[in-house]
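**Student:** Sequence:
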Amino acid sequence: MSSIKSDNRHLYLQVIERLKQDIENGVYKEKEKLPSEFDLAKQLGVSRATLREALRILEEENVIIRRHGVGTFVNAKPMFTSGIEQLNSVTNMIKQAGMKPGTIFLSSSTQGPTEEDIRRFSCSTSEEIFVMERVRTANGEPVVYCIDKVPERILPETFSHEEESIFQILDEEANRKITYAVAQIEPLGYHEKISPILECDPETALLVLKQMHFDEMDEPVLYSVNYFKADKFSFHVLRKRI
97 MSSIKSDNRH LYLQVIERLK QDIENGVYKE KEKLPSEFDL AKQLGVSRAT
147 LREALRILEE ENVIIRRHGV GTFVNAKPMF TSGIEQLNSV TNMIKQAGMK
197 PGTIFLSSST QGPTEEDIRR FSCSTSEEIF VMERVRTANG EPVVYCIDKV
247 PERILPETFS HEEESIFQIL DEEANRKITY AVAQIEPLGY HEKISPILEC
297 DPETALLVLK QMHFDEMDEP VLYSVNYFKA DKFSFHVLRK RI
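Numbering (the numbering used here), first residue to last: 97 to 338.
Just so you know, the hints here were simulated from the structure itself, not pulled from any lab data. Glycine residues also receive a C-beta, built at the ideal position from the N, C-alpha and C atoms. There could be a bad hint or two in this list.
[Stated by the list, open to error] In silico DSSO-like cross-links for lysine-lysine, where the CA-CA straight-line distance does not exceed 30 Å:
| no. | residue 1 | residue 2 |
| --- | --- | --- |
| 1 | K116 | K127 |
| 2 | K273 | K196 |
| 3 | K125 | K173 |
| 4 | K306 | K336 |
| 5 | K191 | K138 |
| 6 | K289 | K173 |
| 7 | K196 | K336 |
| 8 | K173 | K191 |
| 9 | K273 | K336 |
| 10 | K173 | K129 |
| 11 | K196 | K138 |
| 12 | K336 | K289 |
| 13 | K127 | K191 |
[Unchecked claim] Between beta-carbon pairs, the in silico distance windows are:
| no. | residue 1 | residue 2 | range |
| --- | --- | --- | --- |
| 14 | E212 | S261 | 23 to 33 Å |
| 15 | Q192 | D297 | 23 to 33 Å |
| 16 | A145 | E299 | 22 to 32 Å |
| 17 | L109 | K191 | 18 to 28 Å |
| 18 | A145 | E295 | 54 to 64 Å |
| 19 | Q280 | S132 | 33 to 43 Å |
| 20 | E269 | P131 | 17 to 27 Å |
| 21 | L109 | G236 | 35 to 45 Å |
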């Protein structure tokens with residue numbers, strides 16, 4: 097009895113390998129629909145149960161995506177990947193992927209601080225907060241929706257939103273060098289306002305990265321909320337044993 101069981105496991109691992117190879121070799125292309133379970137099981141000479149097990153794992157690994165009643169598709173590979181422990185501007189992430197970063201400016205305003213802002217920046221109720229909304233593009237394609245908040249007193253008089261990187265402005269013009277950030281990432285499904293701006297398919301999720309940036313004096317200088325297209329970005333973290 098045990099031999100069949102271990103053999104069975106062996107089989108679905110072989111199926112996983114084979115399908116990954118086929119995708120790698122372009123037999124099945126990104127976003128392409130795979131043959132039906134019946135046909136695929138027949139092609140590979142395995143039972144549908146074995147195939148299902150392999151597909152379940154491939155879906156967990158984000159290699160494929162299953163749409164109910166529609167079929168199974170090859171997932172698009174993330175274009176941009178970054179170690180989240182390295183504080184990297186969106187501009188740089190896009191450059192590192194060998195693409196041209198661009199910005200679509202949506203709005204900027206100064207407004208009174210929300211309760212959360214007062215807590216975040218430890219500012220007074222009378223201080224103004226500068227808020228900017230932008231869409232960042234890679235080779236012209238929208239990939240990240242950004243909201244940045246900076247206490248107005250920190251920004252230089254000459255500040256213009258034309259520049260790509262707020263990191264740079266704070267560093268060069270405001271003399272505030274961002275040295276570290278506290279970040280949290282959460283997945284988000286479809287967002288009525290942001291998903292259409294990023295031209296997401298209904299089933300494309302978003303990754304929301306919320307970051308509070310601090311300067312060398314440990315002062316909070318920039319709070320950003322970035323909505324990344326989850327099919328384009330992947331973040332990984334290096335964990336050290338202590």
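**Student:** Look at each hint and say if it fits the structure.
**Tutor:** Now the hints, each set against the structure:
A threshold of 30 Å between alpha carbons decides the hint, and for K116 with K127 the separation of about 14 Å falls inside it, so the pair holds. Simply put, K273 and K196 have alpha-carbon atoms about 25 Å apart, close enough for the 30 Å limit, and the pair holds. Distance restraint check for K125 and K173: the Cα-Cα separation of roughly 10 Å lies within the 30 Å cut-off, and the hinted pair is therefore satisfied. Distance restraint check for K306 and K336: the Cα-Cα separation of roughly 23 Å lies within the 30 Å cut-off, and the hinted pair is therefore satisfied.
As the CA atoms of K191 and K138 are separated by approximately 44 Å, the hinted pair breaks the 30 Å bound. Annotation: proposed proximity of K289 to K173 holds, straight-line Cα distance about 25 Å (limit 30 Å). For the hint pairing K196 with K336, the CA-to-CA distance comes to about 33 Å; that exceeds 30 Å, so the pair is violated. With a C-alpha separation of about 17 Å, the suggested pair K173 and K191 falls inside the 30 Å cut-off, and the hint holds.
Distance restraint check for K273 and K336: the Cα-Cα separation of roughly 26 Å lies within the 30 Å cut-off, and the hinted pair is therefore satisfied. Between K173 and K129, the direct Cα distance comes to roughly 15 Å. Compliance with the 30 Å bound is thereby established for this hinted pair. The straight-line distance between the Cα atoms of K196 and K138 is roughly 44 Å, outside the 30 Å bound, and the hint therefore fails. Under the criterion of a C-alpha separation no larger than 30 Å, the hint pairing K336 with K289 is inconsistent with the structure, at around 38 Å.
Of the pairs offered as hints, the one joining K127 and K191 holds, with about 24 Å between alpha carbons and a cut-off of 30 Å not exceeded. Distance hint check: the CB atoms of E212 and S261 are about 24 Å apart, consistent with the given range 23 to 33 Å. Our hint of 23 to 33 Å for Q192 and D297 holds, since their Cβ atoms are close to 25 Å apart. Between A145 and E299 the beta carbon distance is about 26 Å. The supplied range of 22 to 32 Å therefore holds.
The given range of 18 to 28 Å is broken by L109 and K191, whose C-beta atoms sit roughly 38 Å from each other. The beta-carbon spacing between A145 and E295, approximately 38 Å, falls outside the hinted interval of 54 to 64 Å. At roughly 40 Å, the beta-carbon separation of Q280 and S132 lies within the given 33 to 43 Å, and the hint holds. For E269 and P131, the Cβ-Cβ distance of about 57 Å falls outside the hinted range of 17 to 27 Å, so the restraint is violated.
For L109 and G236, the Cβ-Cβ distance of about 41 Å falls inside the hinted range of 35 to 45 Å, so the restraint holds.
Violation of the numbered hints given earlier is confined to hints 5, 7, 11, 12, 17, 18 and 20; the remaining hints are satisfied by the structure.
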